[in-house]
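Model the full assembly from the supplied sequences, consistent with the hints where possible.
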Amino acid sequence: MRFLIFLSVVCLISWRAPAQPDTSRVAALLEEGRVLLKANKLDPAEEDFQQALKLYQAAGNLRLHPVYDLLAQVSEMRADLKKEVDYRNLEVNAMEASHDTADCDYHYGKLSLAYSEMGMYEFSEAYARKAYQYLRSRYKFCDFYGYLSIEIYGLIKQGKAQEAYRVLREITTESPPANIAQRIDLNAMYGNIYVAEGQYAKAEQRFGQMIDAYRITDFKPLYYASEEQMMLDHVYYYGVMGDFYIQTKQYRKAIPYVRDILAFPPGRVKPIALTRFYRMQFVIDSSSGNYVSAIRYFEKSKQLNDSLFSITSKKQMAEMEISYHTNQQRQAIKLLEMQGKNQAADLKEAHLQKNITFAGIAAMLLITGLAYRGYRNKQRSNRALQAKQAEINKQNGSLQQLLKEKEWLLKEVHHRVKNNLQIVISLLNTQTDYLDNPSALHAIQDSRERMQAIALIHQKLYQQEQSALIDMHSYIHELVSHLVSSFSNMGRIWFDLEIETIELDVSQAVPLGLVLNEAITNAVKYAFPKGAQGTIRVRLYRKKGRDIVLKIMDDGVGFPTGFDPDARNSLGFQLMRLFAEQLEGELHFFERDGVEINLRFRQQFS
Numbered sequence: 003m004r005f006l007i008f009l010s011v012v013c014l015i016s017w018r019a020p021a022q023p024d025t026s027r028v029a030a031l032l033e034e035g036r037v038l039l040k041a042n043k044l045d046p047a048e049e050d051f052q053q054a055l056k057l058y059q060a061a062g063n064l065r066l067h068p069v070y071d072l073l074a075q076v077s078e079m080r081a082d083l084k085k086e087v088d089y090r091n092l093e094v095n096a097m098e099a100s101h102d103t104a105d106c107d108y109h110y111g112k113l114s115l116a117y118s119e120m121g122m123y124e125f126s127e128a129y130a131r132k133a134y135q136y137l138r139s140r141y142k143f144c145d146f147y148g149y150l151s152i153e154i155y156g157l158i159k160q161g162k163a164q165e166a167y168r169v170l171r172e173i174t175t176e177s178p179p180a181n182i183a184q185r186i187d188l189n190a191m192y193g194n195i196y197v198a199e200g201q202y203a204k205a206e207q208r209f210g211q212m213i214d215a216y217r218i219t220d221f222k223p224l225y226y227a228s229e230e231q232m233m234l235d236h237v238y239y240y241g242v243m244g245d246f247y248i249q250t251k252q253y254r255k256a257i258p259y260v261r262d263i264l265a266f267p268p269g270r271v272k273p274i275a276l277t278r279f280y281r282m283q284f285v286i287d288s289s290s291g292n293y294v295s296a297i298r299y300f301e302k303s304k305q306l307n308d309s310l311f312s313i314t315s316k317k318q319m320a321e322m323e324i325s326y327h328t329n330q331q332r333q334a335i336k337l338l339e340m341q342g343k344n345q346a347a348d349l350k351e352a353h354l355q356k357n358i359t360f361a362g363i364a365a366m367l368l369i370t371g372l373a374y375r376g377y378r379n380k381q382r383s384n385r386a387l388q389a390k391q392a393e394i395n396k397q398n399g400s401l402q403q404l405l406k407e408k409e410w411l412l413k414e415v416h417h418r419v420k421n422n423l424q425i426v427i428s429l430l431n432t433q434t435d436y437l438d439n440p441s442a443l444h445a446i447q448d449s450r451e452r453m454q455a456i457a458l459i460h461q462k463l464y465q466q467e468q469s470a471l472i473d474m475h476s477y478i479h480e481l482v483s484h485l486v487s488s489f490s491n492m493g494r495i496w497f498d499l500e501i502e503t504i505e506l507d508v509s510q511a512v513p514l515g516l517v518l519n520e521a522i523t524n525a526v527k528y529a530f531p532k533g534a535q536g537t538i539r540v541r542l543y544r545k546k547g548r549d550i551v552l553k554i555m556d557d558g559v560g561f562p563t564g565f566d567p568d569a570r571n572s573l574g575f576q577l578m579r580l581f582a583e584q585l586e587g588e589l590h591f592f593e594r595d596g597v598e599i600n601l602r603f604r605q606q607f608s
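Quick note on numbering: the sequence shown equals residues 3 to 608 in the working numbering.
Just so you know, the hints here were simulated from the structure itself, not pulled from any lab data. The C-beta atom is built at its ideal place from N, Cα and C for all residues, glycine as well. Heads up, some of the hints might be wrong.
[What the hints assert, rightly or not] With a straight-line Cα cutoff of 20 Å, these simulated DMTMM-like cross-link-like pairs (lysine to aspartate or glutamate) come out:
#1 Lys-304 with Asp-82
#2 Lys-132 with Glu-119
#3 Lys-222 with Asp-507
#4 Lys-545 with Glu-598
#5 Lys-132 with Glu-172
#6 Lys-304 with Asp-220
[Said to hold, decoys possible] Cβ pair distances, simulated, as ranges:
#7 Glu-165 with Gln-576: 52 to 58 Å
#8 Glu-176 with Gly-493: 20 to 26 Å
#9 His-484 with Lys-546: 27 to 33 Å
#10 Ala-203 with Asp-566: 49 to 55 Å
#11 Ala-203 with Glu-165: 21 to 27 Å
#12 Gln-252 with Arg-548: 31 to 37 Å
#13 Glu-176 with Gly-62: 39 to 45 Å
If you want it as structure tokens, here you go:
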């Protein structure tokens with residue numbers, strides 16, 4: 003007993019609790035700094051962030067990258083590019099040191115963009131590649147094409163247009179664009195490559211497709227998470243068009259894009275972008291002989307450019323390049339220093355262990371004697387347990403065989419159900435050859451699509467190894483693909499799918515698939531009359547806990563005048579309500595720049 007007390011005292015003496023930061027103080031500083039930053043009060047905001055950083059560093063907290071991100075935002079608003087890059091590098095290093103890589107694509111992307119604005123395209127391209135490779139590895143495609151655009155731009159600026167083309171073709175073949183934002187970026191990337199190769203006709207075609215699609219999303223909150231992002235995209239795509247028309251000497255076509263950006267009030271356009279548009283206006287005015295205005299815009303561009311790069315001389319940029327290339331060596335040195343400290347600590351600990359060992363030997367001898375006595379007693383009970391275990395193993399083997407047979411039979415059931423549904427679908431297809439009544443033909447076609455929605459589920463259950471759950475991401479993409487192929491003239495309708503990885507039991511997957519089938523079918527038939535173009539958006543996501551939300555939205559003509567979606571006057575709406583009741587969910591219809599259908603239900607587990 004005395005020996006155990008001695009060990010406890012030694013452990014208490016040698017252990018030191020790590021210093022803890024005043025979390026409430028740090029949180030208050032960061033919150034106050036964000037408010038000041040939003041109000042453009044940069045000096046007090048930076049002071050708050052620096053105090054929070056010192057508190058974290060004093061406590062040995064490694065999770066410093068969110069604070070460095072805020073300090074970099076202050077430098078970005080001051081148009082201090084050199085300081086912003088420094089903070090972004092500290093941000094990435096702190097993120098990697100803390101192993102908190104959940105949002106590493108954001109931190110890599112910010113550093114990549116900062117390097118790009120400084121014209122250091124080799125580093126910009128490298129960090130952009132890190133950002134989108136992380137997203138691709140985790141099937142997160144929200145900002146994937148944005149980071150890919152930065153890498154492609156970096157390769158082009160390094161004179162590697164052919165390599166940029168190869169990378170773009172390879173990656174977009176594996177991960178084609180899934181929504182309108184990615185299609186816009188894809189056209190922009192191809193346009194930039196064609197410009198670099200001097201293929202201006204192809205470039206103009208791609209840029210035209212880019213700006214036509216972008217005008218659908220321009221300053222529409224539905225497509226953006228923040229007003230800042232809306233502004234950044236507007237400036238970027240208008241800048242692409244202005245640059246292209248000026249480079250190809252089509253100055254009149256460039257005028258509306260340049261004037262639009264210069265018309266924004268002060269502070270809305272970032273200085274690094276504004277100096278670019280000043281240069282464009284200078285070229286436009288010079289081409290038309292308006293030399294007084296041209297000189298004015300040239301002076302504005304030069305003054306703003308000088309303020310941006312006054313602290314980024316060639317010597318400083320060279321130092322940054324050296325710093326980048328030697329970063330790995332510094333990390334290796336730090337690792338060696340840490341290993342040396344660990345070895346010193348190990349030696350100290352070994353000395354303490356040596357002293358403790360002698361005392362432990364005596365205790366162990368006593369414990370060994372007691373353990374041997376217990377061992378002899380356990381031997382007798384172990385023999386009895388081994389006999390019981392052998393019997394249990396035999397029974398487990400029988401159960402495993404029965405389970406395999408059950409799974410095989412269940413897969414066979416799904417296979418036969420799918421085949422029977424295909425037979426019914428074939429019979430319905432045959433029946434349409436003998437009908438002239440349009441209403442009857444539409445009714446049979448609708449029934450056929452409902453059968454196909456159910457058949458897809460049983461097909462997936464038959465094909466997969468585990469037959470219990472349906473992967474809704476894969477299923478909804480296949481269902482929408484089938485519906486697109488079953489309607490004629492579908493090139494005029496775009497589908498925008500954002501489906502989370504959610505697995506549902508077959509009892510919930512079937513009614514959910516039928517609700518989706520009815521909603522999309524109705525949208526295709528009625529939302530875009532007379533060959534109109536539009537978009538159908540489908541969202542499936544987990545709200546909180548076990549709650550699942552399905553949204554089907556279109557930007558079509560909406561409900562007809564006097565139509566009441568809550569009245570039971572349509573077979574499609576009646577079926578959707580019936581399937582929602584099977585899911586024990588809530589179904590609502592809204593008219594918001596088109597029709598929006600919301601279904602919310604709770605996930606069940608078999």
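Verification of the hints:
no. : hint                             : in the structure
1   : Lys-304 with Asp-82              : holds, 16 Å
2   : Lys-132 with Glu-119             : holds, 18 Å
3   : Lys-222 with Asp-507             : violated, 37 Å
4   : Lys-545 with Glu-598             : holds, 17 Å
5   : Lys-132 with Glu-172             : holds, 17 Å
6   : Lys-304 with Asp-220             : violated, 30 Å
7   : Glu-165 with Gln-576: 52 to 58 Å : holds, 57 Å
8   : Glu-176 with Gly-493: 20 to 26 Å : holds, 24 Å
9   : His-484 with Lys-546: 27 to 33 Å : holds, 32 Å
10  : Ala-203 with Asp-566: 49 to 55 Å : holds, 53 Å
11  : Ala-203 with Glu-165: 21 to 27 Å : holds, 23 Å
12  : Gln-252 with Arg-548: 31 to 37 Å : violated, 57 Å
13  : Glu-176 with Gly-62: 39 to 45 Å  : holds, 43 Å
Violation of the numbered hints given earlier is confined to hints 3, 6 and 12; the remaining hints are satisfied by the structure.
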